[in-house]
Each structure stands twice: as C-alpha cells, then as structure tokens.
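2 protein chains.
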Amino acid sequence: MNDIDIETIKGIANQLRIHSIAATTAAGSGHPTSCCSAADLVAALFFGHMRYLPKDPHYYNNDRFILSKGHAAPLLYAAWAETGLFPAEELLKLRQLGSDLEGHPTPRLSFVDVATGSLGQGLSVGVGMALCARLDHLDYRTYVLMGDGECAEGSVWEAASLAGILQLNNLIALVDINRLGQSQPTPFGHDIATYRRRFESFGWRTEEIDGHDLDEILEVLAAVGLGTQPLVLLAKTLKGAGISFIQDKEGWHGRALTKEEEARAIAELQPTAKSGVGVPIPPPSQLPEPKIETPASYPPVAYKIGDKVATREAFGNALARIGAVDRRVVALDGDTMNSTYSEKFAQRFPERFTECYIAEQNMVGVATGFAVRGKVPFASTFACFLTRAHDQIRVAGISMANLKFAGSHVGVSIGEDGPSQMGLEDLGMARAVPGSVVFYPCDAVSAEKLVDQMAQHKGITYLRTSRPKTAVIYNNDASFTIGGAGVLRQSANDKVTVVAAGVTVYEALKAADTLQNEGVGITVIDAYCVKPLAKEVIKAAAQKTNNLVITVEDHYPEGGLGDAVAGELSAEGVRVHKLAVFELPHSGKPEELMSKYGIDAAAIVKKAKALI
Amino acid sequence: MNDIDIETIKGIANQLRIHSIAATTAAGSGHPTSCCSAADLVAALFFGHMRYLPKDPHYYNNDRFILSKGHAAPLLYAAWAETGLFPAEELLKLRQLGSDLEGHPTPRLSFVDVATGSLGQGLSVGVGMALCARLDHLDYRTYVLMGDGECAEGSVWEAASLAGILQLNNLIALVDINRLGQSQPTPFGHDIATYRRRFESFGWRTEEIDGHDLDEILEVLAAVGLGTQPLVLLAKTLKGAGISFIQDKEGWHGRALTKEEEARAIAELQPTAKSGVGVPIPPPSQLPEPKIETPASYPPVAYKIGDKVATREAFGNALARIGAVDRRVVALDGDTMNSTYSEKFAQRFPERFTECYIAEQNMVGVATGFAVRGKVPFASTFACFLTRAHDQIRVAGISMANLKFAGSHVGVSIGEDGPSQMGLEDLGMARAVPGSVVFYPCDAVSAEKLVDQMAQHKGITYLRTSRPKTAVIYNNDASFTIGGAGVLRQSANDKVTVVAAGVTVYEALKAADTLQNEGVGITVIDAYCVKPLAKEVIKAAAQKTNNLVITVEDHYPEGGLGDAVAGELSAEGVRVHKLAVFELPHSGKPEELMSKYGIDAAAIVKKAKALI
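Residue numbers (the working numbering), protein chains in the order written: chain Z, 35 to 646; chain A, 35 to 646.
Just so you know, the hints here were simulated from the structure itself, not pulled from any lab data.
Take the hints with a grain of salt, since some may be wrong.
For identical chains, the list gives no copy identity; a pair is met inside one copy or between any two copies.
Said to hold, decoys possible - In silico DSS-like links for lysine-lysine, alpha-carbon gap of 27 Å or less:
#1 630 <-> 127
#2 127 <-> 643
#3 492 <-> 630
#4 643 <-> 573
#5 308 <-> 127
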C-alpha cells in the first residue's frame, strides 16, 4: 500500500467525519462522535479493501457491510455518498421525513441490507449472509461493524459461537472500541485484551489494532480469509476522534454539535479531507449468479379425512415437500427439530439446514441474513421460545425481511410440560409486526397448504402449530388464502357465530353437535388466518347471528384471536365474547387443561347458551 | 470428608435418580436422563454443602439454589423430598393437575424461587440474588445449575459478564456437561476446556471436574468464596448416568422410561440407594434479618399545572422520591439511564442501582432475582428494547415476580431516531403477561403517582413513558388507581367518546376544542391504566355517546389500547374505531409523524366527523 493511497484514505475518513458532523448538526440530532470513532475503519473498508460495485449495491457478489452499531448511520450514508452513489448534499437531509436517510439505517436505502439500531443484532445477520455465500458458491465476504458497548448483548456471543463452530472464515467483525457507552464508560474501557480473550474463546481469529492507524487497519484486512475461523478486528479508538475538543470526552454520546462547534470541528478536519469520488474500488470476482427458479406451484398433499396428524408434524412434512422443488427454501431450528419436525427437511436437505442450537435470538438473525440474500428461510422452535427473539423479529419487520416462522407447542393443549413451554402470547407478538401474516391451521391439510402460501408470499409470516394430533377435516384440494377462513358449519337460524382456530376448532365442532342435538344451530368458523383477518366472512356470519360472536383460542385473552376479531369488528357493531386462557396455567393433561381454562366444547356450549 | 459421608451422598444421588425415573414413568413424560446426569451434583449440594434449613425453605439466609435447567424438575423435587420437606410418595404425582410438582418448577412450591424451563435464564436471576445478598449484608450463596446446551443462550454470557465485572464471589454456577442436547449432541461434546476458556475470559474462576465423582465435587465446593470472582464448576457428566443401558446414548432426551425399563433401571440403582432423611444439613449463619418497612405512603409531588415535563423524566423524579423513603426499592438500567432518567435514582442511591449495560435479557433476570428476595426492583430502558427481554418477562409472569418495568421512548412521538428506537408493540407485550398491570400516564403528576402505585402493588407492573415534554394537567392531589381512568371532558350531548393515553391525550383535548368551536361535544378519557382497563367508566361514557368510541394511541393497532377497549367492550355493544400507527413508521419530526400516521388532533377530528 503506497503512501498516496494511505493519505487518500485518511483524507476520506476525515471527509466522512465532516459529513457526519454536518448532517447531524443540520438535523439537530444524531450520533456524530460514534461516527468519528469508526470513520477510519469505514474508510479503509469502503475505499481500501471491500470488493464491490459502488453503482450497483445489490450486485450479487459484492462484499456485504452491516453497520451493527446502527446509530453511526450518518457515517454509512457518508461513505456511500463518497462512492458517488448519490450527491453529498443529500446527506444534509438526514432524519427528515422526506429523506430515506433515516436516524438509523433501513433497507429503504439500496445500500442497506438490514435495519439496525437495536444493538447486538448485526453479527447474527452476518452469520446468515456468510452461510448463504457458501450455499450459493460465492466468494463475497461479510463485514460487520460493532461497538464495544454492544458486545454486552448476549446475541453477539450466540452469533460468535455459531460462526466459530461453522468456521465462517468469510465473516469479518470489526469492533469499534471507543470505551464510552451511552450513559457512561463501558466496563472494560480500552482493555482490548479482554475482548480478545473472549472472541478467541469463542473460536475467532483476533487482531488488536489501533483503530485510527490506517496502515495497521489495511494490513490486517489484507490477511482476511486466512485459516478456517472468522476474523475480528479489535480496534482501539476514540469517540469523537479527529475533533480535539470532543474526542474521548464523556457526555458526547448522541449529541449533535452546535453550529459553532461544527465550525470549529470542520476547521480541524477540512485541511486533510479528501473526496472518495474517483478512488478505484476493487470489483467482486465473476462467479456465476445463483439463479433459482421460484416454482409456480408445489406438489399436492395426500391426507385422508380423519387421519390424526399434529399440525407441527404437517409443518415438517410441508417443509420437506416444498424444499424438494424450491431451492430457495432453507430451514433453521434451535435444538428442537425433533419436536418441531423441521428434522424432516434437515434429514433430506442438510446443506440447506442450519442448526442454531439453543440460541433463538441468533437463529432469527441468521434467518434474516438468508432472507436478505434472497432465500426463503423457515425458522422454527417452540412458540414460547420465539419470544426470546422478539426484538430480532421486531427489527426484521423494520427490514421488511422475507422471513417465515413456525412456533410449535402452543397453548395449554401441550399438557404436562406446563406454562414455561406453552406459547400463550405468540399470536399477539406476531400480529404486531407491521405487514405480517399470521396463520393458525387446525389440521394437516390446511397446515401444509398454508406453508405453501408462506413460501410464495413476500413478507414476514408466522405459522402457529400445535402439539396434539388432530383429525384431518379438509380435502386435499381445499384452498386456503391469506385473509381467508373456513366456514365449517352454517345453517339458517344459527344463534351465534363461533370463531375458533387450531385445537379449538374441534371443540367448536363438538359444541355444534351438542347444541344441534338440543335444536340450536351455531355457525363455526375456522380462522386459520388470524392476520389479515377474514373480516368480511366473519362479519357476514355474525350479522346472521344477531351480531353475536364467541371467539375461542388456546392463547391468553390479550393480543390474540379475540382481540383481533373484536378490534376489527366492534366498529361494525359485532359483539365479541372471548373464551381464552384467562389465568396462568398449570401442568396437567391436555383435555383437563382445556376444560379447566374454559376453552373446550363444554365451555363453548355454556357460553353460547348464556348468550342466546 | 470421611468415607461414610461420601457413600451416603452417593447413595442419595442414586435415590434421586430412582425418584426421577419413577416419577416420570408414572407421569408418562418428563426428562429422567437430564435428571440422572445432574444427580451427583444435586446430592452433593443439598446433602454435603449448602447451608439451609430444610424445614424452612424461605429462611432469609439460606443458600439459594436455582435449577436453570428446569426440565430436570423431578430431580429438584426428589432432593427436597429427601430432606423430609414432604413425603416421597408425592413425587409420583408429578405433572398432575392436582399437584404443584409441575413439569417445570414454579414458585407455587415453597422451595422454588423462580420459574425455570426456558433455558439460559437462571444465571441472571442468580446474579440478582447474589447482589441482593450483598445489599442485605447476608452471607448466603447462590448456586445455579445449568446444562451445557443452555450455554448457547446469549443470556448466559450477559449474566456471566456482569457477575465477573461485579466480582460476585457469592455466586456459584454448575454446568452439567452431559454432551447430549435435545435433538442431537451439543457442538462441543465433552470438550470441557472450551467451556473453561469461555468462562475464564468472562472473569470467572473455573474448576473442571468429573460430575460423577463426589470426592471431586465436594472438594471443589469446599473452596467456594475464594478470591473475588464467581466460581463455575464445569462437570463432565453422562446423560442418564447410572442406567447402564441408557447412559450417554442419543435418543433419550425428554423420554420417560417404560415400566419395564423402569424396573431394570431401578434394579441397577436400588442396591446403593440411600435416604437423605436424617442427614445433617449445615444451617445458615445467624446474621440479622433485613427488616425493611414498607412506607404507608410516599412524599407528595409538587408540579404546577402547565409545567412542561416529559413522563420519562417524571419517572426518574418519582424513583428518586420514593427511593428516599422506601429502602425496598432498587433500580436497574441498560446503559440508558440518562434517557430513562433512572439516573436520578442512581446518583442518589448508587448502592441500590445496578447498571446492567446493553444487555436487557440479563437486566430483567437480575431484577427478578431482586424481586424474589423481597426488593421492589424497577428496571428501565427504551420500551422497544424491552422486547429483547420478552421471554424473561414471560417467565417472570410465571414466577409471579414483583417486578416493575419502565419503557421509555414510545411511539412515533420520539421523532427523528426512527422506528428501530420506537416502542410500538410494548403495550401488547405487557398486557399479555398474566396478572400484569399496565400504566400509560400522560403527564408528570399521573406518572409520579402511578409509580407510587407500582411500588405498593404486588405483581408485574409496566409503565410506558414518552420522550416529549407534555403539560401537567392534573392537580398534585389527584388520585390514580389501578383500573382507573381520567374523564377529562364530558358534557351532555357528547357525540363520541375518545379514549386516549400518553401524548394522544393532548391531541384529543385539542380535537375537543376544535369540535367545541363547531358546536360538537366529545368526551375525552385518559386511559392511564390500560390493564386492567377502566371498563365501567369507558362503557358508561360510551353509552352516552351512542356506543361510539374512538381510541387513539401512539402504538401499532395490534395489542394496544384499541384492542384492549374493543376486546372488553365489544361484547357490551360498544363500537370501537381505532386510530393507531397502521404502518411501519419513518424518521421525522414528532409532530410530522403524528400527523402522517393519523394519531394527531386533526385525525381525531376527521374520524369523529366521519362517525357522527
């Protein structure tokens, strides 16, 4: 590396600092000092190391960059402006409603793969991308820039562990160790050795560097890909580096400079600042683009009415069935594949299955990495353990990532394992992800066909599966749609509409039989799609039953099916009476629990009679 | 340690194995092999090391034991039966509805402090207990038994890191390294050195032992408390140890033995099995019991109508105000104390404040540890980052722990930071915790007084706070209750009832003014208590406004205020029209965003007019 290049890159780093300061001062908010500490690292990566096409951020074999410390967004935006992708003046619109240069990066921007801003999540996504590169036989590398404070997040260590186990030597982490957190210094300050010992113990190759010495940074980067293990650059830096009156001082996190401070800072940085425009950027290598067809349809299912099959098992069958013809599909699990039945896919397509062990946060992040690289990832575990990854799911929503989740073992119907293993709030969690689709099938046919829908639909989709075996009630050629529902029983003079899903569908049908014998008709609707709700179907049925609806769900009363129906239909005058699990449940047999918690046929009959 | 004692404890370990097998076989489900691998460790702890009063599990200075690998519940139950606390025959009622010996431990049992069963959470609780022992000047030690598979959970490393930083040498972890996970072997098998390097790098003293050699186990335990750092025993074990035809074999996770297998297994174990009854157990030392008065009331607040104060800041003021007189109160934060204002407590009462750094899962677990030791912990961070700890919050609900949460920076009203920092689903998450109370104050007076309520109320309580400054609208002597609401505007002939909370209260009042000028009256209700909802107040108001209600919230439409009102009142014929943030939001100024996402005064006016 000759001197001119180093001086140029140093100069670009200062230009990035200037941009970050100017943008945040113009916005009146933001994190300029967090940008300054990482500016040399980012300049080195973007202008001295990474192989990519600046004019084509989506190019399939570009090196990938994830700004895990998402609050340094202005720095990332500045780097891309300096590649010439867009005019630098745009940077001054940071954080404005009319600009996609938001406070934290989102994939509304072409050069951002995943939303960041909730710390500790980027490395998991990086693991997913690195795995995807292998799967696609591409040689792009994935670079994840983290802060030191964010290394307190356990999700970082979940990702680090898996990367070490899977020997992801195409994954490079950089930790910007500027010793100052948000509210106070980090516990380890500039004791870089502590970080080194930790990453080494998790299977990483480590390099301790001066994060402001471009020679060192570039020298270490030149040796990426050596050996089998992922690499982490542990960079000692100063928060606010380059600004003499701010650097390494407390009280400057998340604080934009005043106009006066901005002028002083820029005066210090301007003399050495250089533009990135025109600096030659190494292109990616010319490996074949993975072209994977999306199948027009999937093979049919073949069940018999009355077959007893758990929807969790049907999920596994479906995953293997579609996986055989749809090579976009990959699967992940958290050491529960024998319970979720993702093992059926894992056994047939091991190269497309990632065991994530007992680490659900990372599993969701890894799935997100696959999704943003164009795969269709299905991540499965017990529904209750998906709450472990709620923040990652939330952020995947901001990323508008094409993720599929299957949560098994829902409700009290799991029985004896007890409440710690029961998903009772997962419908609420899944519904609150913007744009999500939420499925809750009752039988194997609908479960499999909804998996087909999930794979074909672009967006976050959740499938809620049950532990007990349930009877197949749908024909193999029945169709199931996003926003659909199954009207299973309906006759003239029905007195109330019962909306059920999953195991409670069978309870509702039993209740219908009981009431029929007493001369009372009820409408039974299978709400296999909880979001978007089959609003018109339910409303039409309700209007024929005096606007009376009973919802019944193996879920807490908050956030689930009952809230969904009431939330959408009360405005139309529909009166919704909720049956749900109204208290913390206990271990016991499934049937006992469904009775005790008032979601069985007897409870439905009792409620119906009380209302009529 | 003389030979007789070793043989006795070995014998007790085998008795514990027998009990675990018999109980799970009787139940037809459970995890006997996970119990067998840990039986020697548990026998050593309970009958050869821990200092406690078996007849008084709640005694304040007992050593504490947390079974983090909660699926080994039968082993824990067996240990306590062998202390004589209850008859061993009770063990055969494992997992029955009528027995509190549930599938995974819950504090319905006197000898269980916290529910476990969702892996990776016990160490955090142990950190909280160890900190609490220090705070209370007690010398009890806290022992946390984990599995190897569960060490993949990042939360374990969050806890380990904090324990190392805080030098918790009264905390002892034991890892039952039996190499076999649920669906397959763990990645590291019996490579104990990998676990050792990791824990050492996180600041722990480590001891590698044969987990079935009672001499080794007891020898290492005898040296607890040495040095400054927490201690971890890394125990090499065999899953199903003691049963020749099962031990160390795959395919035995979560699988009860058949009657025939049970008989063969017990035949192997019985000859050496010994009872624990009568074995002398070292008592705790006689240190003074921390007796902390619960104050009958808290000092008053002193704001002026019209003062502009953010509810997040009022939270900070309240915490310091009540903390001054209520020594049960402790606080925790995740490197956001300058944003959540918990710093006001931290600065005045540093000995009762725990900085948890950027690790929210652990923060919630640590808070749970304090709660079960009788403190009143307030854990605060941004509301959106509380979703990182959703599983810990869920399990705290199963523990019925007395936890208080404050989530700040809710909704689009935070402005330019953008969606990754906005809490938009937190009301849904908090509502779905069984027995929870959910507060969402609009001004400083109500915020502070609701904090008073939180501290006095037994159970999980959540306070949702906002970033912007809002005007004080309540008098200092106004009262706020669980299940209450404020009727802010009401007159005869009101046309619609608007239910708002937080920042939207001010929008509703502005809308009321606008409509008033046009001769239209609306009722405005401040739903400062979202759960339990002020159902009767809202219903009564609605009935006077033709059953028409508009809810308006700075939250997604799913799971929040609108769903709460519709979910409870649609059955009564109330028609609820929801205003909420119906799409993924963008960065921008708070006022711009509230307008764009239809939750400002103009949107309320428009909706009201459309309905009337």
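A quick look at each hint next to the structure:
1. 630 <-> 127: The answer is between: 18 Å across copies meets 27 Å, while 58 Å in one copy does not.
2. 127 <-> 643: neither (62 Å within a copy, 36 Å between copies)
3. 492 <-> 630: Intra 40 Å, inter 25 Å, cutoff 27 Å: inter-copy only.
4. 643 <-> 573: For residue 643 and residue 573, both the intra-copy (21 Å) and inter-copy (24 Å) Cα distances are at most 27 Å.
5. 308 <-> 127: Only inside one copy: residue 308 and residue 127 sit 22 Å apart there, 75 Å across copies, limit 27 Å.
In summary, the structure is inconsistent with hint 2 from the numbered list given earlier, while agreeing with all the others.
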